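Heads up: the sequence lines are chains V and A, in that order.
Going by this note's numbering, the first residue of the first sequence is number 850, and it counts up by one from there.
Going by this note's numbering, the first residue of the second sequence is number 2, and it counts up by one from there.
Calculated directly from the structure, the hints in this document are not laboratory data.
Among these hints, one or two may not hold up.
[To be verified] Listed next, the in silico DMTMM-like pairs over lysine to aspartate or glutamate satisfying Cα-Cα at most 20 Å (straight line):
id, chain 1, residue 1, chain 2, residue 2
1, A, Lys55, V, Asp1205
2, A, Lys61, V, Asp1005
3, A, Lys194, A, Asp235
4, A, Lys197, A, Glu214
Please read all numbers here as calculations on a predicted model, not as lab measurements.
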Amino acid sequence: MSKTRNTTPDMHNKPRRSAVKAAPKLGAAKKSNNDHYDVMIIGGGLSGGALASLLGTEGFRVACIDRDAPVTQTTEEFDGRTTAISWGSQKILDRAGVWDELDPLACPIRTIDILDGGSPVLLRFGSEEVGDQSFGWIFENRLIRIALFNRMKELDSVDHLAPAQIEKLEQNGDVMQVTLKGGRTLTAPLVVGADGRNSFTRDWAGITSRSWSYNQRAIVCVAEHEHPHNNVAVEHFHEQGPFATLPMMDGPDGSYRSSVVWTEHCPEHQSALKYPQDVFDAALTARFPDQYGWVRQAGGRFAYPLGLQHAHTYTATRLALVADAAHGIHPIAGQGLNLGFRDLDALCDILIAARDDGSDFGSDEILARYERARRADNMAMAGATDSLNRLFSTGLPPLPLLRKIGLKMVAKFPPAKQFFMQQAMGAGSGSRGLLHDLVREAKTAS
Amino acid sequence: MNAKSTTVDPDEISHFAKDSAHWWDEHGPFAPIHRMNPTRVGYLKATICAHFDKNVKDLKALKGLSILDAGCGGGVVCEPMARLGAHIMGIDADQVAINAATEHAERSGLKIAYVCGTTETLKEQFDVVLALEIVEHVADVEAFVQSCVDRCKPGGLIIFSTLNKTWKSMALAKITAEYIVRWVPPGTHDWKKFMKPSTLAASLRRAGATPFEAMGLVFNPLKNEFLLSTNDLDVNYFIAATKDQNKEKSKK
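Excised from the complex, chain V in its bound form:
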């Protein structure tokens, strides 16, 4: 297939890849057949693109198939979402060869404030408590996508096929075969479904999932405010669920910006999504801490229902599910993404080990290792976050009171504070919380 060469100078791994390419084909898979890959990834979004970049960087031949064209996924209108990249995810993006491009676009989180109800700041978590590291980095999702698309273009071993319609997916003995609209066929010993919550791959394999809804929705938007955010992220617990602001890089016009994740628990017709602009802006201003000055919405308003979804198994014959296709914590603010990234990292390591053993990438033995590696982690997260969400998203008087007393008490005892921070942040935004991972990982890293 034709490859468009990236115009930017290549600083990643060039010698290594050419070494891989130059390796004689002794006993290796037939290279004459251009459409045979080590792995086919269905879905080329954040997780699919990151997996393709990871595997491609490690020298695997990868096809990444996406139904959407890259250009439609990188517009500001596509989803308006931002992602808080944790320490773990940062390492994975670095391993995938995209961090150098992303680093200058990242807004580091230096302080996390936790507020409860209408009270003043109760808990402040500063980066000096974790060895002066930032807690994480805020990105617009589209910027990560652009970096991943560039990386896939740059890697000789990755074919990024987008937009491409899958006409047929079939298991043909020991290979999986994809037929694209237009007749082209691709084969590989392993297919990875990275195609999100409504995964086509998961449905194809007949894998069912358990899901339930929190009856909450998250409204996501970008907000401009009068005064700078000073790299502070705020998690404000309301009866309806948490309201979070995440510091973003200044806008192109120099405006101060934060990303808003506003969780609400009300019938749709009362949703803030329906507010007239001036009402919405006023509501934002009221919910932001005072030091931000006036606040107004910039760009679109997006709503995401909050729910939990967990596939009964992550694997089927010659098929693995990753990230949201396997488990949806909730689709906001990228905590689901951070969790999904750990799937990618684990799968990549397992495939490297499989290659070291000369194993078949799609064999049950290899897939079972992946399932074992990831299931416990993801399950624990889903279970813990579910109960914490129930505790924190309640208007019953004793609970907010307890929370408040608890917060005040623990603020005075550093070890308790650290413990409670984890719990509190774990409860945020309907699941494990926007900032939970960031704190935990920043601590590990420091």
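Given the coordinates of chain V, assemble chain A onto it according to the supplied hints.
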């Protein structure tokens, strides 16, 4: 297949031929082979690389080496070896297994030379000769070990793996695996044919090879995986040997 061969036991062949079509079914009669395979191949690769001074980390670490897999069955070891870059030949007396192996390699796009026959019928010599889980199935052990050593180049590497003749192997490999957890069909193994490492090492020495390492392969039921062990050779074990240099032409 060579009917006059001294090393082939016709009963053994007919036992395996029943199941040969299922060689690649990871949950079929050869399930334990698949389960032990990554660990087994890992050991083979490491031992071969160490012997021939190859870099284990190379994607094609076994590039440039010729390897014979004696008693290759459906090619469960041949395929990983081929992926790691080796020139590999698999030989087995069971035509059904060879057919399954050939077909599977083709579908996987791997170049492997499969031959139905016995090691005595081969003329060429290889850098490495593997005889894995096979010596316990042959009729004449001495003749089989001799033919494996003969097929190895002087200074080359010979690796055997088999089942130890201990009460533990009787309990685990024979009774538990065949009759209790039913990993393998009853009658797969004849415990009387299991060999102590010392017996196998002695055979290798008589055939002109010098054993230098014994390594156990132990099933860990908690991890559901096989692990290597230097001190537990009670059930499955490997013996690695080098073929002695011919006196008339010494290479090094």
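Evaluation of the provided hints:
A distance of roughly 13 Å separates the Cα atoms of Lys55(A) and Asp1205(V); the hinted pair therefore holds under the 20 Å criterion. Of the pairs offered as hints, the one joining Lys61(A) and Asp1005(V) holds, with about 19 Å between alpha carbons and a cut-off of 20 Å not exceeded. This hinted pair checks out: Lys194(A) and Asp235(A) have alpha carbons roughly 15 Å apart, not beyond 20 Å. For a cut-off of 20 Å, the pair hint linking Lys197(A) to Glu214(A) stands: about 14 Å separates their Cα positions.
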